[in-house]
Amino acid sequence: MVNIPKLPEKEELEFKEKEFFLSLSEQLDASSRYWYFALIVVAAVSVPVGFLLRGTLSRTFIGSYEPPPVNTTPYTPEPLQVLQTGVLPLGGGVVSIYGQPRNPNPDISARGFDYVFVLEDAAGQETGRVEGKSYLLAGDSRFIVVPSHASASQPARVRLEFGEVDWTKLQPEHDLRFEIAQKNTGFTPEGRFFVEGLLRNLQSVQIKQVDLDFLVFDEQHQNLLGVNTGSYTDLFPLENRYFRAIFPGSRVFPPESVEVIPSVNLLSPGVIIGTPEKVPVR
Numbered sequence: 558m559v560n561i562p563k564l565p566e567k568e569e570l571e572f573k574e575k576e577f578f579l580s581l582s583e584q585l586d587a588s589s590r591y592w593y594f595a596l597i598v599v600a601a602v603s604v605p606v607g608f609l610l611r612g613t614l615s616r617t618f619i620g621s622y623e624p625p626p627v628n629t630t631p632y633t634p635e636p637l638q639v640l641q642t643g644v645l646p647l648g649g650g651v652v653s654i655y656g657q658p659r660n661p662n663p664d665i666s667a668r669g670f671d672y673v674f675v676l677e678d679a680a681g682q683e684t685g686r687v688e689g690k691s692y693l694l695a696g697d698s699r700f701i702v703v704p705s706h707a708s709a710s711q712p713a714r715v716r717l718e719f720g721e722v723d724w725t726k727l728q729p730e731h732d733l734r735f736e737i738a739q740k741n742t743g744f745t746p747e748g749r750f751f752v753e754g755l756l757r758n759l760q761s762v763q764i765k766q767v768d769l770d771f772l773v774f775d776e777q778h779q780n781l782l783g784v785n786t787g788s789y790t791d792l793f794p795l796e797n798r799y800f801r802a803i804f805p806g807s808r809v810f811p812p813e814s815v816e817v818i819p820s821v822n823l824l825s826p827g828v829i830i831g832t833p834e835k836v837p838v839r
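Residues 558 to 839 (this note's numbering) are what the sequence shown spells out, left to right.
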């Protein structure tokens, strides 16, 4: 059998409640009035002091906080390499300059970099500088050429140096293809050697800029005899664009000795307008 405790009557509970509050009131009356004033002062002062301390502590914390350093290049690429350089005398203190840099990184591209050709005489004294900007995709190499440069004295050699490089792990979304057709060589009425032909865009997209490098090799295809370069903009889908590059100097070369190398900086924003489709070579 469960024993249920007997609860006090309602009147008894009310009496005990009144007795408690009466005892509390008597204890408060017996306390010193100074405690009341102290309590009021603490309550009045704590609010503005709290705001003041909060603002001071916040400023102190923010002022002393040093954010962690941000590594803008979370990878360490190998520096650009120089495969070859050369100076081609054209007469009258004018020379052509070329260099072939290489990007040894298989998955990191140089979206852009500064370079300088440093010309030196036979004694190693600097005779001139030519600066510029270029790019190299991952694992790629290409020629950088200066068709004509006037030098105060005949340079004996040239050195290619690199400045700041804009590295990126972005990979080109498309692989463009071009064809060089109807290549021919000749002389202008002024006696200047030229190379002409057609640059065929094999893609169904517009390309904002295509660079052409013109390299003239000897019969063994080992030594460069002449260089030139040109840029062609707004190449429309499937367009055949006529090009003509006039070389400084008066030497003549057969068409088969001239290589025409197209290149596009595929990491340059907006260089391709549209989505390339595979088009068979015509």
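Honestly, the hints are just simulated from the structure, not real lab data.
Even for Gly, the Cβ is constructed at its ideal location relative to N, Cα and C.
Misleading hints may appear alongside valid ones.
As the list claims (entries may be wrong) - Using C-beta positions, here's what the derived DEER-type ranges look like:
hint	residue 1	residue 2	range
1	Glu677	Asp723	23 to 31 Å
2	Pro794	Glu677	20 to 28 Å
3	Pro663	Asn741	35 to 43 Å
To be verified - Straight line, CA to CA, 20 Å or less: simulated EDC-like cross-link-like pairs of lysine to aspartate or glutamate:
hint	residue 1	residue 2
4	Lys740	Glu776
5	Lys690	Asp768
6	Lys690	Glu721
7	Lys726	Glu688
Hint by hint, here is what the structure shows:
no., hint, verdict
1, Glu677 - Asp723: 23 to 31 Å, "28 Å, holds"
2, Pro794 - Glu677: 20 to 28 Å, "47 Å, violated"
3, Pro663 - Asn741: 35 to 43 Å, "38 Å, holds"
4, Lys740 - Glu776, "18 Å, holds"
5, Lys690 - Asp768, "13 Å, holds"
6, Lys690 - Glu721, "10 Å, holds"
7, Lys726 - Glu688, "26 Å, violated"
Hints 2 and 7 from the list above are not met by this structure, while the remaining hints are.
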